[in-house]
Structure formats: C-alpha cells, structure tokens
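Undergrad: My request is simple: use the sequences and hints to build the entire structure.
Protein chains in written order, with my numbering: chain A, 34 to 119; chain B, 14 to 124.
If you're looking for bench data, these hints aren't it; they were derived computationally from the structure.
It is possible that some hints are incorrect.
[Stated by the list, open to error] The calculated lysine-lysine pairs, modelled on DSS-like cross-linking and capped at a C-alpha distance of 30 Å, are: (1) B:Lys95 <-> A:Lys56; (2) B:Lys51 <-> B:Lys95; (3) A:Lys56 <-> B:Lys99; (4) B:Lys74 <-> B:Lys51; (5) A:Lys56 <-> B:Lys51; (6) B:Lys95 <-> B:Lys113; (7) B:Lys99 <-> B:Lys113; (8) A:Lys56 <-> B:Lys113; (9) B:Lys113 <-> B:Lys51; (10) B:Lys51 <-> B:Lys99.
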Amino acid sequence: MINIIVFSLVGLGVLFSVIRLLKGPTTADRVVALDTFNVIVIGVIALLAYQFENSLYLDIAIVYAILAFIETIVFARYVEGNHGDC
Amino acid sequence: MEIVSYVFMIIGGVFYLLGGLGILRMPDTFDRIQAGTKATTLGAFALLIGIGIANPDWLLKVFLIIIFIAISNPIGSSALAKAAYKSGALPSNLVQDDLKELFGGEDDDVN
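TA: Shown next, in the form of structure tokens:
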C-alpha cells in the first residue's frame, strides 16, 4: 500500500518534469528540467531497491548520481556558449 | 519503526511532486532552477533516509548517495544558473542587474 502511494507521488513528479522537458521554451529550461528529472530518477531507483529487497539497486543509484552530475556540468558548459577552447 | 520510515518516504514523495510541479508552473528559468533543485534535494534526502530506516543494513550506501547529492546538486545548479544567465535568460520582473558589469562585453572570460 505504501509502495503504491509513494510511487504515484514520484511518478507525478516525473511526469511534470518530462512535460517541461518536452515543451521548454529555451535550451536552459530543458537542461534544468533534465537535472530535476535525474534527481527524481535516483529516488525511483532507491524505491526499486526497497520494492524488490535487493541492495544491488543502490549501487546503480550511486553510479547514476555520478553520471547525472557529469551530464549536468557538460550541458551547462554547452548552454553557456563557446569561449574558444574550454 | 516502520511507521517512521513510511512517514519519511511519504515526505520524500510529496517533495518530489512539489519539485516537479514547480518545474512545470514557475514562470522563468531561475525560478525553475530554484524550485527544481531545492525541492528535489530535500525529497531525495527524506526518501533515502526512509529507505535506510526500513532496511538498516543499507544505511552506509544510503548515506553515500545522500552525501554525493548534497555535494553535487548545488554545484550543478550554480553552474546551470551561470550558464542560463550567459545564454541570455533574464528573470521576468528584474529590477537591478548587477551581473551585467561583471559579465558584460563580448570578450568575457570570467569563470
């Protein structure tokens, strides 16, 4: 029962951020929505670990957090524009 | 003990929902950065602490994820805010722009 409630709340958050990701007016809005989406997906992976009672999912969540951070920095450098070689 | 973990998980889910709602409803880019990163950071902390209380064997990995999010998310959001300002996005009801003197001109290399 608790799983259904928490998964539906988190799923609504994912839905809203994906809507903003699809219709954002500028590229910066899309990147911000993608950053929020990544943090929500880390919570979803941890919830899957709780649901299936398998702690291997938490390792996946750690790796996803590291990749999401690198992705945010790279997209921020891309949005910022080119300063020659960076 | 299960009740405490359920309460933490529901708090985390509600803050995830509020973060998504702020991303969808806020009027300009900087408001979206603020709503998205702060609300989802608190949501991630509460949800992961709830999962760690439900299974005490996982507390080490859960705190590892929490520490990493606490370090990386403010760095990412500040980099995004600087990039959004440099790409030309301005707040909707801007009164005074102090960053224009710092970043103004074409040959800016302020990092």
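Undergrad: Hint by hint, note whether the structure agrees.
TA: Now the hints, each set against the structure:
1. For the suggested pair B:Lys95 and A:Lys56, the alpha carbons sit about 22 Å apart, so the restraint of at most 30 Å is met.
2. About 17 Å separates the Cα atoms of B:Lys51 and B:Lys95, which keeps this hinted pair within 30 Å; it holds.
3. Distance check on the hinted pair: A:Lys56 and B:Lys99 sit about 21 Å apart at the alpha-carbon level, within 30 Å; holds.
4. Our distance criterion of 30 Å between C-alpha atoms is met by B:Lys74 and B:Lys51, whose separation comes to about 22 Å.
5. About 22 Å separates the Cα atoms of A:Lys56 and B:Lys51, which keeps this hinted pair within 30 Å; it holds.
6. With a CA separation close to 12 Å, the supplied pair B:Lys95 and B:Lys113 stays within the 30 Å bound.
7. Distance hint between B:Lys99 and B:Lys113 is fulfilled; the C-alpha atoms sit about 10 Å from each other, no more than 30 Å.
8. Restraint check for A:Lys56 and B:Lys113: satisfied, since their Cα atoms lie roughly 29 Å apart, inside the 30 Å limit.
9. Taking the CA atoms of B:Lys113 and B:Lys51, the gap is near 26 Å; set against the 30 Å cutoff, the hint holds.
10. A C-alpha spacing of about 22 Å is found between B:Lys51 and B:Lys99, which places the hinted pair at or below 30 Å, so the restraint holds.
The structure fails none of the hints (numbered hints given earlier).
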